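Undergrad: Protein sequence lines, in the order shown, are assigned to chains F and S.
Numbers 1 to 584, taken from the numbering used here, label the letters of the first sequence in order.
Numbers 1 to 584, taken from the numbering used here, label the letters of the second sequence in order.
Hints were generated in silico from the structure; no laboratory data involved.
These figures come from a predicted structure and were not determined experimentally.
Hints are supplied without guarantee of correctness; some may be wrong.
[Said to hold, decoys possible] FRET-style restraints, in silico, Cβ to Cβ: (1) F:His303 x S:His376: 46 to 56 Å; (2) S:Ser379 x F:Leu250: 40 to 50 Å; (3) F:Leu250 x S:Leu36: 49 to 59 Å; (4) S:Ala486 x F:Ala554: 31 to 41 Å; (5) F:Arg121 x S:His172: 22 to 32 Å; (6) S:Pro541 x F:Glu497: 29 to 39 Å.
[As the list claims (entries may be wrong)] So these bits of chain F aren't anywhere near chain S, every CB distance computed over 12 Å: (7) Glu50; (8) Pro55; (9) Val316; (10) Ala371; (11) Thr429; (12) Gly455; (13) Ala522.
All C-beta atoms, glycine included, are put in the ideal place defined by N, C-alpha and C.
Protein chains: 2
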Amino acid sequence: MDELTRSIRRSVWHGWGDPAEAHPLSAAGWSMLGSLGIARGPKSPPVALEEVVLPPIALGDAELDALRQVVGDGFVHTDRRWRVEHAGGKSYPDLWRLRRGDGSQAPDAVVEPADAGEVQRLLEVCGALRIAVVPFGGGTSVVGGVGAAGGGGVAFAGVVAVDLRRLDQLLHVDQESRLATFQPGLRGPDIERALEPHGLTLGHYPQSHQEATLGGYVATRSAGQASTGYGRIDDIVLGMRVATPRGELLLGGRSPASAAGPRLLDLVVGSEGTLGIITEATLRVAPRPTAKRYAAWLFPSFHAGSEALRGLAQDVGPGLLPDVCRLSDEEETRVNLALAGRSGAALLRYGRARALPAPVLVILVWEGTDAGALKHRQSVSERVLRRGSGRRLPSRVARAWEKGRFSGPYLRDELMGRRILVDTLETATTWDRLGTLHAEVGSAIRSSLEVGGRGVVVMCHVSHVYATGASLYFTFVAAESADPMAQWRAVKSAATEAIVAGGGTITHHHGVGVDHAPWLSAEIGDLGVDVLRAIKAELDPAGILNPGKLLPPAEGSSGGAADGVVEAVTPGPDPGLTCTPDLS
Amino acid sequence: MDELTRSIRRSVWHGWGDPAEAHPLSAAGWSMLGSLGIARGPKSPPVALEEVVLPPIALGDAELDALRQVVGDGFVHTDRRWRVEHAGGKSYPDLWRLRRGDGSQAPDAVVEPADAGEVQRLLEVCGALRIAVVPFGGGTSVVGGVGAAGGGGVAFAGVVAVDLRRLDQLLHVDQESRLATFQPGLRGPDIERALEPHGLTLGHYPQSHQEATLGGYVATRSAGQASTGYGRIDDIVLGMRVATPRGELLLGGRSPASAAGPRLLDLVVGSEGTLGIITEATLRVAPRPTAKRYAAWLFPSFHAGSEALRGLAQDVGPGLLPDVCRLSDEEETRVNLALAGRSGAALLRYGRARALPAPVLVILVWEGTDAGALKHRQSVSERVLRRGSGRRLPSRVARAWEKGRFSGPYLRDELMGRRILVDTLETATTWDRLGTLHAEVGSAIRSSLEVGGRGVVVMCHVSHVYATGASLYFTFVAAESADPMAQWRAVKSAATEAIVAGGGTITHHHGVGVDHAPWLSAEIGDLGVDVLRAIKAELDPAGILNPGKLLPPAEGSSGGAADGVVEAVTPGPDPGLTCTPDLS
């Protein structure tokens, strides 16, 4: 995790990241999909930028001038490129719309404040003028969290995206307490680059690392690939400064823990821009790792593999267990090994020869500053793994995973360009329910997509383990139907209903956005939703902050106030194809 | 931590716990206090139960009958003993009032529901009849959290204490996920006794362990002596069922972590009965320890000792650092060694001979199920301690601490009975501020108490360490002034102002109650307080739940609605004298 990757300041507007970093699917990959009944369809490229149909700009000169007075003339943008680049995040529906030239989720304008004071004044101006505000960090939401959904209707004069890229400073490092205070606009690699001279790391590596921002991490309650070791964002955030229409909130920061009533910090973490805009956050940092160890194991089944991970989480425990703990199920392992060419085939033969006809792959990474301690951690972990029925593989298998760990989402663009539906979704549950939930969600996805006799791939991996449970991350692929959005809505709905019925959370780290909002009541109850609404009404009385996100549409709402919300209720997907390890 | 202690079902009404478990202060102890200018005053015993002056019962027959219809005739108590036993918690002001026969904080009645359904119906009945409700677990609040303060005024028909002792079942154990679901009324030793047959422990050992309840732990965001190892309550609670006047809240429980919006569970944790009554809680449990290791060290100064603890928290880290990590400052070490008689004197001589004229004592305990792993943990920790300037002591010093770890608070009763003021208070902060905060709060306490040339003892220890900071726990002793409550209010206020100014949290584990409520705005801001009020208004529209607690008195409130609140604004203390290790 110590190698710095490139920060992507502005992704391609119709897809993931910087296409220059994409690796096209290999011939073997296409051949494997074909063998599963998923044929490469005709080319289906996105429209040209000029062809995107944008709604007329609802804001008048007076309103735009009021915004310019806050941030300066050069930082209010109404031109086509800026509007299109902020016309949604990276969810399947967001990209599906844009590829076809539907710019209906574009804001009227994009505003770039310079500092916390300007953010605060923007909220005051927008509140007074009833302008909806969509906070915008890296724009990598895969749940419809940053579209200008709620601003186009009768309730608002218009909608602006508040792009936080100019708030990109590391403000303070406290070596003694191992804390760092950041502005919200730093992207993942920028965070690491700023901490590097101090010998520190945040250790936060979601698949969106190269584009996503610190503020986005906090606002969406993010978890990254090494969060089993370094902790989720909600574990490591200690304090923050938040601009709200009612004024500034200063939360936490005094101490690592407190009994001074409910922890309000935990209301803003995960609030997805609906309660305020985070203008500073103080997070726990760790010594920058100087050493790393890798291991890969095969187990005979998902059950055996998840029991092995449970052993790590419960019997090795925090501080010793690997920083990265991943387990691919049978189908994901099979697909990934097939994509890996000859070395993958060799691993499959190795497994078959050892009575592992449908093996599952476990990837483990330990990192730290003390080689001796790392060696001890690995030996303690592998002692626990040896209790099971697994087989150790060469560690280069784990290194290969790491090499490709940010590249998965690019494949979605390539497949969408060939009329193949592909998306991911995730959940988490307690260990006692994990096996059943894995089976039932996988089955719901498969049943939904198999309509019309389509070939389907449904893969899953565990990427985060805890003493009490683990996450499940599904990737699914099928040929597009005649109405891909209807097809997608059906599979999203089927999967989420299965998650709710099976006792999982509706999202482990992607967030709620518009795509999961219809199921928030299933997670926290109608009364819980009422509590969230009351909090929002207190901090954002005019309701200008990221309307339509997080909270389910109000009962009896006709959707008239915000056409985007209605679209949104028909769920939207999320990114991050599983990585395809290059084992060659 | 594996030895089960006795559960105290009902403490003495005018003091701490069961006086049969108290150990009187030794002659050497009195002599040491005397040498510091704190003389044993004349005997000042509490009044007899019959002499306590109780307010007339405000509730009429119709209201009492409505309560009886919910819980049954035998479970609504209006007799003197029940009312007095619920006339406050164990704060200094609570006990000071009761010892003098002031029963003004008594509820009109005590109600004992049998289950979650009865709790829910009670809240509905009380809401309809405008009866204030004080949730009552172990009654060990040391911040005025359970007095019937807010119920005596014009706003309510009366006030009932809802005693949860009948909800005392372990409902479910999930061995696979290492989770246990409890009713709220189990006391600390009952929790451990219920988990023992399953080979599990909660590992939660506050000084109030023998009386405090699981529901109280959760409602006050509790931390115990071994929480450095097992985690605070807020770290280990996964889900809960909460009765509110608006209906039931079911929060969490689906997964160890989630990105489904703000974590509402964290609103109820620490809500101190102002938002609802916890009727079930699911918490992470751990394998019951079968082995233990102890260590004690002397360091030359509080600074050197806290640097050693910082090394443990940051460089040894979770999973390896001791489950119990304590550091007494110079004055606490000196007093404790003096109280320990000959063996303490021997340690002081040992220190002086090694250039430690004013040493500080560090106590460490590791526990677990694998003797080899424990030995490794200890050796890793002690390697870090050896970097500093400390000296290792015989491990029996740490065992002696453990033996007396629940007995400290009894001393307060003995000293109050001799006209000596004694109390404790606590905070936490980040490592960079710890030394200054220790000095400044200690100095504020001393300056306040020294008025009139009094002898003063101000001791402090660190009891909880984190990667980013640590707690500070102060104990202070002085001869009573002519107006001990004024004396106490002055010292409480001076200490809390110093905590706020020094960047500490107003409470690390005692909670807010009425005593810290005036400073809640300093912790979370006026806007944060408004958010809490909005949440309360949503869940408890009639404001019947534990009025006057947690939230600061509203601006412009004359206090007319609740005389108790006005009293409350003049702070109240907290318990837990530091333990006096018996080193003999």
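Undergrad: All the hints need checking, so say for each whether the structure fits it.
TA: Each hint, compared with the structure:
1. F:His303 and S:His376 have their C-beta atoms about 31 Å apart, which leaves the hinted 46 to 56 Å range violated.
2. A hinted range of 40 to 50 Å for the beta carbons of S:Ser379 and F:Leu250 is consistent with their spacing of about 43 Å.
3. Our hint of 49 to 59 Å for F:Leu250 and S:Leu36 is violated, since their Cβ atoms are close to 41 Å apart.
4. Between S:Ala486 and F:Ala554 the CB atoms are about 53 Å apart, so this pair departs from the stated range of 31 to 41 Å.
5. For F:Arg121 and S:His172, the hinted distance range of 22 to 32 Å is not satisfied, since their beta carbons lie about 52 Å from each other.
6. Taking the beta carbon of each, S:Pro541 and F:Glu497 are about 33 Å apart, inside 29 to 39 Å as hinted.
7. For F:Glu50, the requirement that its beta carbon stay farther than 12 Å from each beta carbon of chain S is met, with the minimum near 37 Å.
8. For F:Pro55, the non-interface assignment is confirmed: its Cβ lies about 28 Å from the closest Cβ of chain S, beyond the 12 Å cut-off.
9. In this structure F:Val316 is not separated from chain S by more than 12 Å, as the shortest Cβ-Cβ distance comes to only about 8 Å.
10. Residue-level check passed: F:Ala371 sits 15 Å from the nearest beta carbon of chain S, beyond 12 Å.
11. Distance check for F:Thr429 against chain S: the nearest CB is about 5 Å away, which does not clear 12 Å, and the non-interface claim fails.
12. Taking the minimum C-beta to C-beta distance to chain S, about 31 Å, the non-interface status of F:Gly455 holds against the 12 Å cut.
13. The beta carbon of F:Ala522 sits about 9 Å from the closest Cβ of chain S, which is not more than 12 Å, so the claim that it is off the interface is violated.
Hint compliance for this structure: hints 1, 3, 4, 5, 9, 11 and 13 are broken, all remaining hints hold.
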